[in-house]
Amino acid sequence: MSARSVRVFYSEVEAIKGIDLDIMENEVIAFIGPSGCGKSTFLRTLNRMNDTIEDCRVEGTVTLDGQDIYDPSLDVVMLRAQVGMVFQKPNPFPKSIYDNVAYGPKLHGLARGRGDLDEIVENSLRRAGLWDEVKDRLDKPGTGLSGGQQQRLCIARAIAVSPEVILMDEPCSALDPIATAKIEELIDELSSQYSIAIVTHSMQQAARVSDRTAYFHLGELIEVNNTEKVFTQPDHHLTEAYITGRFG
Amino acid sequence: MSARSVRVFYSEVEAIKGIDLDIMENEVIAFIGPSGCGKSTFLRTLNRMNDTIEDCRVEGTVTLDGQDIYDPSLDVVMLRAQVGMVFQKPNPFPKSIYDNVAYGPKLHGLARGRGDLDEIVENSLRRAGLWDEVKDRLDKPGTGLSGGQQQRLCIARAIAVSPEVILMDEPCSALDPIATAKIEELIDELSSQYSIAIVTHSMQQAARVSDRTAYFHLGELIEVNNTEKVFTQPDHHLTEAYITGRFG
Amino acid sequence: APAMARDTIQIAGSSTVLPFASIVAEEFGNAFSQFNTPVVGSGGSSGGLRQFCQGVGANTIDIANASRAIRDGEVESCASAGVKQILEVQFGYDGIVFASRADKGAFKLEPKHVFAAAAAQVERDGKLVANPYTRWSQVDSSLPNQEIILVIPASNHGTREVFEERVLTPGCQAFDSIKKLDKDAQGKACLDLRQDGRIIEIAGDYTETLARLQAQADAVGVFGLSFYEQNRDRLQVATMNGVTPSLETIGSGEYPVSRPLFFYVKGEHIGVIPGLAQYVEYFLNEQVSGFGSPLEEAGLIPLNDEEREQALAAFKARKAVK
Amino acid sequence: MSNETLSHRSIIQARVAKSLRKRHARERRFRVFGLAAVLAGLAFVALLFISILVRGLPAFWQATITAEVYFDPTLIQLEPRPVPREGETPQAFSEREIAWQSQLTMVNWNRILENSIIALKPELANSRRDVRALFTSSERFHLRDLVGNDPSLIGQRVTLDLVADANVDVWVRGNIDRSLPDSQQQLRPAVRALADELRAEGVLNIKFSKALFTNPDSRSSPASAGLAGAFMGSLFMMLIVIFLAVPVGVASAIYLEEFAPRNKITDLVEVNINNLAAVPSIVFGLLGAAIFINWFRLPLSAPLVGGLVLSLMTLPTVIIATRASLKAVPPSIRHAALALGASRVQAVFHHVLPLAIPGVLTGAIIGVAQALGETAPLLLIGMNAFVANIPTTPFDQSTALPVQIFLWQGNELRNFFEARTSAAIIVLLTMMISLNALAIWLRKKFERRW
Amino acid sequence: MNNLTLIAGLLMLMAVAYQIGLMRSRAVARTDSERMHSRPVYYGWLVALWCGVPALFVFGLWSLLEPAVIRSIVIGALPAELADMPAQQVSVLMNRLGHIASGFGVAGEVAPWEAAAAEQLTRLQAISQLAKIALMASLAMAGVLMARRHIRPSLRARNHVEKVIAALLAICAGVAVLTTVGIVFSMFGEAMHFFSFVSPMEFFFGTTWNPRFSTTGAGGQGEFGLLPLLWGTLMVSIIALLVAVPIGLMTAIYMAEYAPSWLRSVAKPVIEVLAGIPTIVYGVFALMVVGPFFASVGDMLGIQIRATSALTAGFVMGVMIIPFVSSLSDDIITQVPQSLRDGSLGLGATRSETIRQVVLPAALPGIVGAFLLAASRAIGETMIVVLAAGNSPVLHANPLEAVSTVTVTIVNQLTGDTDFASPQSLVAFALGLTLFVITLALNVVALYIVRKYREQYD
Ligand SMILES: Nc1ncnc2c1ncn2[C@@H]1O[C@H](COP(=O)(O)OP(=O)(O)OP(=O)(O)O)[C@@H](O)[C@H]1O
Ligand SMILES: Nc1ncnc2c1ncn2[C@@H]1O[C@H](COP(=O)(O)OP(=O)(O)OP(=O)(O)O)[C@@H](O)[C@H]1O
Ligand SMILES: [Mg+2]
Ligand SMILES: [Mg+2]
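Residue numbers (our numbering), protein chains in the order written: chain A, 7 to 254; chain B, 7 to 254; chain C, 321 to 642; chain D, 42 to 491; chain E, -8 to 449.
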């Protein structure tokens, strides 16, 4: 999917100041940058989650498979089924683990009958690396899992509707190091089938998981390049200052 | 001030598992470590802010100038006047800037008369590097300042009661890079008169501002040493793993 | 000093007496500028006497209005609280009338009609059977061909007792098969009302009865005479045994359904609460509660002169209830 | 990407697309239901207000006879008002004063009233009874009080607005079916004719009447019955609630929210307070009758007792509202104060409470409004009394506005009192809405976001 | 000197004591090298408290004990032949003596021994009053002097004062508890009295409510079956909830999730006006407008609808509790974390799907709690039912007919014309107690549910 001169305004404040960026198929792209630079905002423009914020306005075009996602004729429901999202704080629904995963497929009528649904649920949980841990308690509430498991459940929930792109906003910031490692592993595996955009405040994490890295600064995209390149020889002095810890 | 085999329990969970640590005069000590490792908890034991948490229990001794601060005969009010604290999110009182700074001195009867108080306020604001920015609007609400200014106001408020030690819990995490730089500068200046303990999640920041650095891991103090030493040749492999970004 | 001296006469009790007592109180206050206007509380005869018998003192009432005579148990409980001098004053009668909507048929009732319409069991061919009547014309052909719906006061009202004693009981005595029963069974047969929704008991005031009649055109309701008189544009009154209820017919006893109205004065408070004796004497003045008085205009059936003299004399002699 | 996943995705997209129409329709339906519910709520408010206004507004205007009254010295034979003599005991003076007052009362004021009409229509000289029926009976005391306050009126002619009798009012306004036969009318034919005549001549008018606002209740003269007594009673009770329930409630809330340890006992207190908020108000009436009247022997029918009962009833409302607004003060403020060396009490009273004040005020106002409108408990503590005086202290007997409404709606003079009741409701609602508006305004004004 | 002036005097003394403390602490601060522990105001307060609190305590204790002591002295001094009067008569006699002493009226002649006893009573009261004042005054003085002597830098005046403040706050919190105790206490005795006439079995399980007017004569006291009243209460409440819950809940949802802010800022206060309207107004509205309207609708449809019926009362009551339901639900719905909504929307759910399948289930316990609270409101409501339900305590299932409820019956039985010591009016207290227990149960359940729900997000 690709964004062209995207600007985002909160009321009159310009939070994103014209960004062009492409997300390739089956790549992991990391967004880094100091706090408040607009990483989350940009991520949310990609599946129109910004719609839920009252006074948020988007300019420019974002296309998915050549289709402008801000086209009024486009159905946002459809879009969000194609571009999934995982949030900073794990937010499983207060329902059973099974229902959490089955929620999306049921909503969109993806399953033909119960058996089909079971299969989707099992598949998604397997791919999220959670199946073995929860297969005996699918009917227990999803909120009863540990933080890391909850986050993987959310990922399973997202992939159950077979999206093309998965957006992740600091998915590990609420997790301990071990759970973080698991998620990172998972991202690695998923990258063979999905495009993944991940916001992180940890440069180390960006370095570990991503193919490309984009550096944001005060609503502008300063630099986007292969991760290795960004971390070793950044083009822009701001990027370098950030990487080397001169601020942030 | 010094802590000896300090343990902290939340209900029955042991969050701090026996820590010995000294804070020298006029030094800046940084506490780093992965999320949930107990940095904030330990910091709060140093001025008994833990008292406000219902089921928090502290074992071991913490002394300030040789006096056990957990001695029942000690008045916690006195202690907190001596050990100030600055929080993660700037929390000015919704009063005028003047009143924010004057509150502590008034409370403790530090000023003899209005002129005296004015002087204390001006001095504190000057030391916090805020005087020039606010001197014309001392009667405006403190909440009307920008985030970075607010945080400096909180620091001014803390130093207005002339504490010996200032505790700071991630004081910059809610601020933008420029404001952060200002605060760091300020910490540097203050370190000539106060002992400062600062919790930070940014290793770069620790490296920039502190004389010594303490690395916490799951409630234990793994290593404490000169900052340069910790960041270049850590003693412990956990510290090294954290520093080099293998987790966190 | 008396704990919180009080200089306003405090009255409470029956809501039937309330309008009369209120008018007297207001006139009393206007006529005697040295006394405050008495305060007339409601709360029913029961509530009034309950407060009355709470004891002697500034925080207890001075006069209890009642639409029935005080009972022995109440006198006892009064005495045990220190209220020993209970002065009973009967000051008139309350007429109880049956009325239907002005735009419906006129009723010429007899007690036995009412009984037959209301009872759970009625006599049919000399036997007691469950009440089969659904229209008044079935009870008696002289009555209008209207559905039977009788709106009567609920058992928390004193009026209910009058209704039972003066209408139902005489009404059921007209039937031989009931007369034959023993006393207990007779009482039961007389007072048991049908439960099929044709009898509507009103626990509130007459306004509610009137509202009932407005909602159900066929209904016949029980009202106080004064209420009826104020609402003549909406109601027409039924005769009883051929007698039209009016001040004259009730006062003379010709119209059978009426009850005496009382108030009880706390002897202990006379001379302490300013104006108490004067109020009672004013009340019993012909100008106030006699014929042609404001109370009569408000619907009270006055005592005749002789009775009123007696009542006044009894009060002046401080003759207490034993 | 393999072809397999591609085709898999397109299948899924097709299925999603297929489900969309139904889902969007459902969405729209849901939204319409929501809007309908909101509109229904608004409609109820509108309906209630319109119906009450339509019924009640006319009662602010009353049939009034404007006539020239001649304070005829031959009828008013009055000694000069006594003045204290030297060396006279106060008691002796008050006796003379009372004697003078009685003399004043004994004057045949009705005759003076009648004369004011007869002066216009001499032909009525022989039907004084009909003329008298035009005026509500308390007008004679109106004249008496005028002369009592200013004896120099004697011998003068003054044009006065005199309140007509309730039945006259009903008749001229057509609130009774004018075609009914005599037997069903409240007024005699002669009086009806006279009223119509005076109306046509402009003597009898429908005028805005202050009586409703300045007079206490009246039974003997319904047309002059007013709300002043009930209003004062309500006012006293509100003051008591404000001075009792609000401070005690706020103090309790502060204790429970800021100081009380969290244990079984405070849990119990919490359950208890929430329960009290839902206890039927009538139960508080039983409580008031048993405790305040029988136990503490407080006076009957007094706003004092009513105020106490209502205070107890409002207490939980105030506590709950205060606790909510204390909770809304972010802990960071408390921490800031504590970290500067403020004690808990200081932190609360210097920072938390001032910040919670708007919420506290809102809660207090809502509580007071609730108390103002409460009826049921007052019925059980003797406040449903007929009181013809306007109370001047909380110890004087009185009624309250809602009780007055209750009493009036049960008055047998239906044709007259239906409108009067609605008018009283309008007065009560006006007070209530002002209070609520004040609460909303306060909330808006001090609304703070952290 | 009466008690009010006594207290006022004490307050004035306290004000003086405050000044003394203030001045003393300033003086100490000047002479002593050590820093004072607290600010001067706290020393002032401390002295004032020492001045006032012990004296107040004595005052309270004295007022509590005085009557009993005086009484026993007076009784002890009565002529010997009166010594063995039954307790009942003694209290009547004491009342009488009190009235003689105070000059309040008494019936009959005053016997010489009565006059003597009354005089003794007066004397004793005067002595007691003087003693009380003297004791309080000396305690106050002593308190001031002692507290003043103790003022030194190490005295933690602030801590002491704050303890007193906290205690004061706790006492205020106790008022609410006392209220509950008072409620139970005020009804329990009379209710027990009632149960001595009517067995609890008959009361709680009886299906007929038909108390007779008199306690004697045929049919006895009548039947006191609670069930018809309870059923009426239930029916009215259910109708009310059927009106209020859908409208209230949908209003809350629309306001919280859909409404533009201008609509919210207009509609919310307007709907909340419904909550502020006195119930008597609703009652009159029901009686004059809604009832006749339903009756005429019934006429049009050819069914019997009573003007005053369960339907009328329930409907109007439902309107009354709409804002109650809507604002509680609104709070609960907005409390559902945004993250859950985001999660659902992010999966491609429509808004209504999110609301119905995620938000509502998550908020459900809280909403149920709100409903239960609304239900207890409905159950306890009196005036609407008094005016609009028609008062017919008969067991039937037709909501178009009149019913009676517990609250109305309390009013009717207490304000009726029946004998006040008879079960007919005592039943009101049993009903009151029952009602209290029912709402208590509802509330406990509601609170339990609401609490349990809260823990989910914390
Ligand atoms: N709902 C909103 N309304 C108004 N301004 C907003 C809103 N959300 C974010 N902003 C502003 O937009 C800018 C970008 O915010 P954004 O959350 O995208 O930053 P971020 O890079 O994700 O920061 P972080 O690392 O702290 O998550 C910030 O200045 C922020 O204050
Ligand atoms: N109030 C509390 N009650 C119970 N447990 C708590 C409480 N506060 C913290 N904890 C637990 O104590 C442990 C240490 O928490 P603490 O907040 O000190 O960590 P931290 O190092 O400051 O983490 P972070 O970098 O996220 O601020 C964590 O496991 C946390 O869950
Ligand atoms: Mg972000
Ligand atoms: Mg922390």
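No lab work stands behind these hints: they were computed from the structure.
Keep in mind that a hint or two might mislead.
Facing chain D, from chain C, some residues (calculated, C-beta under 7 Å) [stated by the list, open to error]:
| no. | residue |
| --- | --- |
| 1 | P339 |
| 2 | E346 |
| 3 | G349 |
| 4 | V360 |
| 5 | S362 |
| 6 | N379 |
| 7 | T489 |
| 8 | N551 |
| 9 | R552 |
| 10 | T569 |
Beta carbons are placed, not taken as given, at the ideal position from N, Cα and C, and that holds for glycine.
Comparing the hints with the structure gives:
no.: 1; hint: P339; result: 6 Å, holds
no.: 2; hint: E346; result: 5 Å, holds
no.: 3; hint: G349; result: 6 Å, holds
no.: 4; hint: V360; result: 4 Å, holds
no.: 5; hint: S362; result: 5 Å, holds
no.: 6; hint: N379; result: 5 Å, holds
no.: 7; hint: T489; result: 28 Å, violated
no.: 8; hint: N551; result: 6 Å, holds
no.: 9; hint: R552; result: 5 Å, holds
no.: 10; hint: T569; result: 16 Å, violated
Going through the hint list in order, the structure does not satisfy hints 7, 10.
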